[in-house]
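Chain by chain, the residues:
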Amino acid sequence: MAENNRAVIKLKEKFPAAIVDMKEFRDQVTITVNKQDIVAVCQFLRDSLRYNLLTDVTAVDYLGAEKRFMVVYNLYSIPNKDRLLVKAAVDENDCVIDTVSGLWNSANWLEREVYDLFGITFANHPDLRRILMTDDWVGHPLRKDYPLQGPGREPYKGRLS
Amino acid sequence: MMAKEIMTVNMGPQHPSTHGVLRMVIELDGEVIQKITPHIGYLHRGVEKLSEHRTYHQTLPLTDRLDYLAPMSNNLGYVLAVEKLLGIEVPERAQTVRVILAELTRLKSHLVWIACHALDIGAMTVFIYAFREREKVMELYEKISGARMTSNYFRVGGLSAEVYDGFEKDVREILDTFPGYFDMYEGLLTKNTIWLQRTVGNGVISAEDAIDYGITGPALRGSGVDWDLRRDNPYCGYEKYSFKVPVGEKCDTFDRYKVRLVEMREAVSIIRQALDSLKPGPILADAPKVCYPPKEQVYNSIEGLIHHFKIASEGFPVPEGEVYQSVEAPKGELGFYIVSDGGNKPYRMRIRPPSFVNLGAIEKMAKGSMIADLVAVIGTLDIVLGEIDR
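Order-wise, the sequence lines are chains A and B.
In terms of numbering that gives the first Met the number 0, the first sequence opens at residue 0 and continues consecutively.
In terms of numbering that gives the first Met the number 0, the second sequence opens at residue 0 and continues consecutively.
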């Protein structure tokens with residue numbers, strides 16, 4: 000159960016108000032926190048619980064949900080061989096979350112990719128530019144309301160429909 | 000005295016030593032690098048977006064085209080993630096064949112690495128030899144899957160087909176001959192003065208910095224971090240094999256070279272152990288709604304026909320949930336994060352490419368060195384742009 004996970008117990012003690020949800024699925028613990036606490040939670044996990052490797056930062060677009068985006072941080076502890084997913088919901092109208100690139104340099108490019116493909120802004124990021132699409136690109140391709148064929152083109156009616 | 004002047008130089012995207020379409024804008028003080036701004040995305044095909052519009056089986060061929068030098072490793076990461084989401088058990092024979100092919104893929108990928116890395120630094124002989132050996136693995140790929148590069152051989156639940164007659168003999172031939180070739184590469188490079196001058200002390204990154212930049216795989220082990228997903232979070236039955244995880248000490252290009260060479264020898268040892276334990280048995284999981292039924296059942300039974308039709312026309316539904324599964328690909332940690340809403344297509348599929356994150360550290364590794372050494376740093380990071388741009 001997720002409640003028995005060492006990181007979850009410590010986090011609950013330290014940040015009782017920050018944790019929104021936690022669950023375990025296929026032996027993998029996922030914690031959802033408030034977005035204003037993300038940097039503090041990540042710093043605590045890195046410094047006190049030895050989650051020293053930020054493997055991945057990505058996002059999921061839940062179009063139609065109350066808070067549209069979910070930013071997913073994938074933390075790994077090389078000493079403990081343990082993985083933890085930390086998530087934070089971001090509203091479409093206030094599409095900003097604090098950067099964790101001050102904690103891990105790997106977040107620099109990963110957050111740039113999320114900004115590029117989802118349009119989520121990372122506050123205090125040192126170099127927030129598009130990374131995969133060209134600088135003058137309009138729109139954010141991985142959003143669910145972005146058409147697969149790109150904007151202004153007739154949808155493909157073949158096998159993919 | 001001359002005034003100090005910074006010169007801006009463009010390198011790529013069409014450049015022989017950028018291993019694809021990588022472009023870098025480099026600021027130079029004389030020959031010394033002051034700043035590197037990489038520009039990527041020239042090969043962006045939107046694999047993550049496309050996968051949201053395709054069934055789970057239709058996404059599989061797209062994964063071949065990520066790290067096109069190691070297609071079977073990509074296939075493996077993807078099918079393991081979907082299997083984890085489905086909660087199905089893969090038969091032992093399929094797992095063992097997967098391990099054999101994943102390690103052959105590691106050999107294939109590392110052969111390209113040593114070939115191109117040596118060529119970039121000026122040792123052309125190794126390039127010709129290593130590509131000759133790589134051809135052996137490609138021939139085996141072709142025999143087993145019909146394609147030399149985009150193999151698409153694994154399936155969710157097992158393998159697409161039984162291995163051909165004589166597969167074991169072909170693999171054993173590779174195992175018997177390859178260690179001799181590795182000796183030859185080492186003979187050509189390890190004590191070669193030019194090679195040593197170009198690699199020792201080049202691209203140094205400490206263990207703390209490497210972890211900070213998220214570097215994984217042989218590049219991280221070259222910095223002395225003893226971590227390998229195959230040993231520490233085993234998948235696909237890797238816990239059954241014994242192998243050494245090499246680590247470097249000096250954190251430079253030469254140590255990463257030695258780490259990869261030991262990895263190639265260990266891959267040969269893993270393949271030998273797997274081949275010795277290979278037993279006859281089923282190659283697909285007992286999950287009729289997920290795996291294609293054998294052709295006799297399709298032709299002779301109503302259930303077989305219905306299952307075949309359903310899987311071909313609409314795929315299979317996957318329970319709601321989200322998983323992250325990573326494998327130790329030749330370049331580092333390759334992860335697939337799949338979110339399912341219960342339908343027959345991924346709601347969101349994120350590919351965590353090792354090359355993308357490793358490339359992020361290039362400025363850290365090459366700043367302050369000569370521009371000619373940047374070529375060695377690109378070679379030692381072993382990047383593939385198909386995976387970086389996706």
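No lab work stands behind these hints: they were computed from the structure.
Honestly, I wouldn't trust all of these hints.
According to the in silico footprint, chain B covers these stretches of chain A (three or more CB under 8 angstroms from chain B) [said to hold, decoys possible]:
1. 41 to 50
2. 97 to 108
Derived BS3-like pairs (lysine-lysine); straight-line CA-CA distance at most 27 angstroms [claimed, not checked]:
3. A:66 with B:344
4. B:344 with A:22
5. A:156 with B:344
Each residue gets a CB set at the ideal place from its N, CA and C atoms; glycine is no exception.
These are the hints, each one checked on the structure:
no.: 1; hint: 41 to 50; result: violated (count 0)
no.: 2; hint: 97 to 108; result: holds (count 5)
no.: 3; hint: A:66 with B:344; result: 23 angstroms, holds
no.: 4; hint: B:344 with A:22; result: 23 angstroms, holds
no.: 5; hint: A:156 with B:344; result: 18 angstroms, holds
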